[in-house]
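Undergrad: Line by line, the protein sequences are chains A and B.
Numbering-wise (my numbering), the first sequence opens with residue 1 and increments by one.
Numbering-wise (my numbering), the second sequence opens with residue 300 and increments by one.
Note that these hints are calculated values from the structure, not bench results.
Treat the hints with caution; some may be incorrect.
Pairs of lysine-lysine residues, derived as DSS-like cross-links and limited to a Cα-Cα distance of at most 27 Å, are as follows [stated by the list, open to error]:
no. : chain 1 : residue 1 : chain 2 : residue 2
1   : A       : Lys43     : B       : Lys369
2   : A       : Lys43     : B       : Lys371
3   : A       : Lys91     : B       : Lys448
4   : B       : Lys356    : B       : Lys455
5   : A       : Lys279    : A       : Lys91
6   : B       : Lys427    : B       : Lys459
7   : A       : Lys91     : B       : Lys417
8   : B       : Lys356    : B       : Lys371
9   : A       : Lys41     : B       : Lys356
10  : A       : Lys43     : B       : Lys442
11  : B       : Lys369    : A       : Lys28
12  : A       : Lys41     : B       : Lys417
13  : B       : Lys448    : B       : Lys459
14  : B       : Lys356    : A       : Lys43
15  : A       : Lys28     : A       : Lys152
16  : A       : Lys41     : B       : Lys371
17  : B       : Lys442    : B       : Lys381
DEER-style ranges, computed between Cβ atoms [said to hold, decoys possible]:
no. : chain 1 : residue 1 : chain 2 : residue 2 : range
18  : A       : Gln159    : B       : Lys306    : 31 to 41 Å
19  : B       : Glu302    : A       : Asp84     : 28 to 38 Å
20  : A       : Arg290    : B       : Glu384    : 50 to 60 Å
21  : A       : Arg178    : B       : Gly383    : 53 to 63 Å
22  : A       : His65     : B       : Asn418    : 51 to 61 Å
Every beta carbon over 10 Å from chain B, so not counted as near; a handful from chain A, in silico [said to hold, decoys possible]:
no. : residue
23  : Met2
24  : Gly35
25  : Leu52
26  : Arg110
27  : Pro157
28  : Ser172
29  : Pro207
30  : Arg228
31  : Arg258
This structure is a prediction, so every number in the text was calculated from the model and none was measured.
Cβ atoms here follow ideal geometry from the backbone N, Cα and C, with glycine treated the same way.
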Amino acid sequence: MMYLPRFAYFEPETIEEACSLLSKGGGKARLLAGGTDLLVKMKRGLEKPESLISLNRIASLRGVHLVGDSLVIGALTTISQMVDSSLINEKAGILGQAAGMMALPQVRNRGTIGGNLCNASPAADTAPALIGLDSRVRMVGLTGERTIPLEKFFLGPGQTVLKSDEILTEISIPVPARDTGGSYQKLSPRHNDLATASAAAVLVMHPDSRVCEDARIVLGAVAPAVIRCYQSEQVLKGKAIDEEMIRQAARAAAEICRPVSDIRATAGYRKEMVLTLVKRAIGQALNQSRQLSSGGKML
Amino acid sequence: MNEQVIKLTVNGDPVEVTVSPRVTLLEVIRDNLELTGTKEACSLGECGACTVILDGKTVNSCLVLAVEAKGKEVLTIEGLGKDGELHPLQQAFIDEGAVQCGFCTPGMILSAKALLDKNPEPDEDDIKEALAGNLCRCTGYVKIVKAVKTAARAMKKRSKGADA
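If we strip away everything but chain A, and leave its shape as in the complex, we get (with noise of 0.2 Å):
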């Protein structure tokens, strides 16, 4: 039996009293959502929190409600919760699509997005799909919240923003404009393994003429945070995109992208998939927002 170490365990019911608890831990305490990163890393030795702040009670951290123009996902929402939720497919489908490409069901059912982000890992899936959607973060601590577009979230691995008496509430995305196509690609040795390269691309076109009217492309698992491709944008914003634009935005990207060798793959192959990833990535994308024009349900 692999045990978990001892540590002092809390269950506040409030947002307010978990930051308080957060903050009295002095840097020793950890927020438990789903613990299937969390609880992972304590049996392997690399957190020794001396206590768990457990989220769990706190019932207005979780559901996906539409606010306004707005898609709001509270943070304790499970990946499973995201996969099936008819909002979320009917108005972020790279979300959804995105989500049901990460871990594995059992895990699925039990991690929360709000850990999957606060956890920062370069490869994470959630995050392209929720940059390519324009998503903002709010987060709570005792002198007040805010609220931070999520690109400007991470740090590097492991690493965020959120202060230590700050803790990530909900997830907001503004509803996309209707002939809006999104797609996400990921490179893996089977879906739900964690990414060597990904791409998320969301276009919103103009919906008479073929035009773009914005991009979004976004790669994840090839830089210590997940980036955003501003050149690879430029490339397609405000044009009729054929297949030269296409090819032209996969190579910013694969210029910008900063990737490491490790054991998945190395450097020199992950900037080689991400011009195959992007290019995917717009195709679907195009494809998506089409289908969207003559009718069809965004997937």
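Assemble chain B onto chain A, guided by the hints.
TA: Using the frame of chain A, we list chain B on its own:
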């Protein structure tokens, strides 16, 4: 070290145990309740040998703190048969030769049960996706997938018979 008395339901029966927070649901199931059908292999949520159904969803019990399971319903492999009769999934695994050493089997069957509860007519891809979190070192999976299909047919027949 802040031990708690927790109450939960296991295989339909109310259960009360005193645990410290660091104890996992897997330890409670195997050590406190002596239900040793659920196995520990990797301990890190990668192999699925410890799979149980918690409030209707499959989970790796090695990564669920027992205190997090209070007030919840747990189904282990021991909860599947009824009145000495095997569940169609258990029977199908035997009939199709889907059991060799048997170590992965409890977890496999529970993952399959969760699938069939949600989707009574899965195709091969659905089955493979649902069982993706359960590793088997013996069989090569082919007969396991066949057994799930066989069980699905048997369960469909059974429910048709019940309606007739």
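Undergrad: For each hint, tell me whether it holds in the structure or not.
TA: Cross-check of the supplied hints:
1. In summary, the hint linking Lys43 (chain A) to Lys369 (chain B) is supported, as the alpha carbons are separated by about 22 Å, within the 27 Å threshold.
2. A threshold of 27 Å between alpha carbons decides the hint, and for Lys43 (chain A) with Lys371 (chain B) the separation of about 24 Å falls inside it, so the pair holds.
3. Pair hint Lys91 (chain A) plus Lys448 (chain B) does not hold up; C-alpha atoms about 34 Å apart against a cutoff of 27 Å.
4. Distance restraint check for Lys356 (chain B) and Lys455 (chain B): the Cα-Cα separation of roughly 21 Å lies within the 27 Å cut-off, and the hinted pair is therefore satisfied.
5. Under the criterion of a C-alpha separation no larger than 27 Å, the hint pairing Lys279 (chain A) with Lys91 (chain A) is consistent with the structure, at around 23 Å.
6. Proximity of Lys427 (chain B) to Lys459 (chain B) is assessed by CA-CA distance (about 26 Å); at most 27 Å being required, the pair is judged to hold.
7. Of the pairs offered as hints, the one joining Lys91 (chain A) and Lys417 (chain B) holds, with about 24 Å between alpha carbons and a cut-off of 27 Å not exceeded.
8. For the hint pairing Lys356 (chain B) with Lys371 (chain B), the CA-to-CA distance comes to about 11 Å; that is within 27 Å, so the pair holds.
9. Straight-line distance between C-alpha atoms of Lys41 (chain A) and Lys356 (chain B) comes to about 23 Å, which keeps the hinted pair within the 27 Å bound.
10. The hinted pair formed by Lys43 (chain A) and Lys442 (chain B) fails the criterion: a straight-line CA distance of about 34 Å is larger than 27 Å.
11. Simply put, Lys369 (chain B) and Lys28 (chain A) have alpha-carbon atoms about 26 Å apart, close enough for the 27 Å limit, and the pair holds.
12. Proposed proximity of Lys41 (chain A) and Lys417 (chain B) is contradicted: the alpha carbons are some 32 Å apart, above 27 Å.
13. Restraint check for Lys448 (chain B) and Lys459 (chain B): the C-alpha separation of about 17 Å stays at or below 27 Å, so the hint holds.
14. Taking the CA atoms of Lys356 (chain B) and Lys43 (chain A), the gap is near 24 Å; set against the 27 Å cutoff, the hint holds.
15. Between the alpha carbons of Lys28 (chain A) and Lys152 (chain A) the distance comes to roughly 25 Å, so the proposed pair stays at or under 27 Å and holds.
16. Distance restraint check for Lys41 (chain A) and Lys371 (chain B): the Cα-Cα separation of roughly 25 Å lies within the 27 Å cut-off, and the hinted pair is therefore satisfied.
17. Only pairs whose Cα atoms come within 27 Å are accepted, and Lys442 (chain B) paired with Lys381 (chain B) is accepted, the gap being roughly 24 Å.
18. At roughly 40 Å, the beta carbons of Gln159 (chain A) and Lys306 (chain B) sit within the given window of 31 to 41 Å.
19. Between Glu302 (chain B) and Asp84 (chain A) the beta carbons are some 36 Å apart, a value that agrees with the proposed interval 28 to 38 Å.
20. In this structure the supplied range 50 to 60 Å holds for Arg290 (chain A) paired with Glu384 (chain B), their Cβ-Cβ distance being about 54 Å.
21. About 58 Å separates the C-beta atoms of Arg178 (chain A) and Gly383 (chain B), a value consistent with the hinted range of 53 to 63 Å.
22. A beta carbon spacing of about 27 Å between His65 (chain A) and Asn418 (chain B) contradicts the range 51 to 61 Å that was offered as a hint.
23. Its beta-carbon lying about 4 Å from the closest one in chain B, Met2 (chain A) breaks the requirement of being farther than 10 Å from that chain.
24. A cut-off of 10 Å between C-beta atoms contradicts the statement that Gly35 (chain A) is not in contact with chain B; the least separation is 5 Å.
25. A beta-carbon of chain B is positioned within 10 Å of the beta-carbon of Leu52 (chain A); the least distance is around 7 Å.
26. Non-interface status of Arg110 (chain A) relative to chain B is broken: a Cβ of that chain comes within 10 Å, the nearest being about 5 Å off.
27. The beta carbon of Pro157 (chain A) sits about 19 Å from the closest Cβ of chain B, which is more than 10 Å, so the claim that it is off the interface holds.
28. Even its closest Cβ contact with chain B, about 26 Å, leaves Ser172 (chain A) beyond 10 Å, as expected for a residue assigned away from the interface.
29. Non-interface call for Pro207 (chain A) relative to chain B: holds, since the shortest CB-CB distance, roughly 34 Å, exceeds 10 Å.
30. Every Cβ of chain B is farther than 10 Å from the Cβ of Arg228 (chain A); the closest lies at roughly 30 Å, confirming the non-interface assignment.
31. Every CB of chain B lies more than 10 Å from the CB of Arg258 (chain A), the least distance being 29 Å, so the non-interface label holds.
Against the hints set out earlier in the document, violations occur for numbers 3, 10, 12, 22, 23, 24, 25 and 26.
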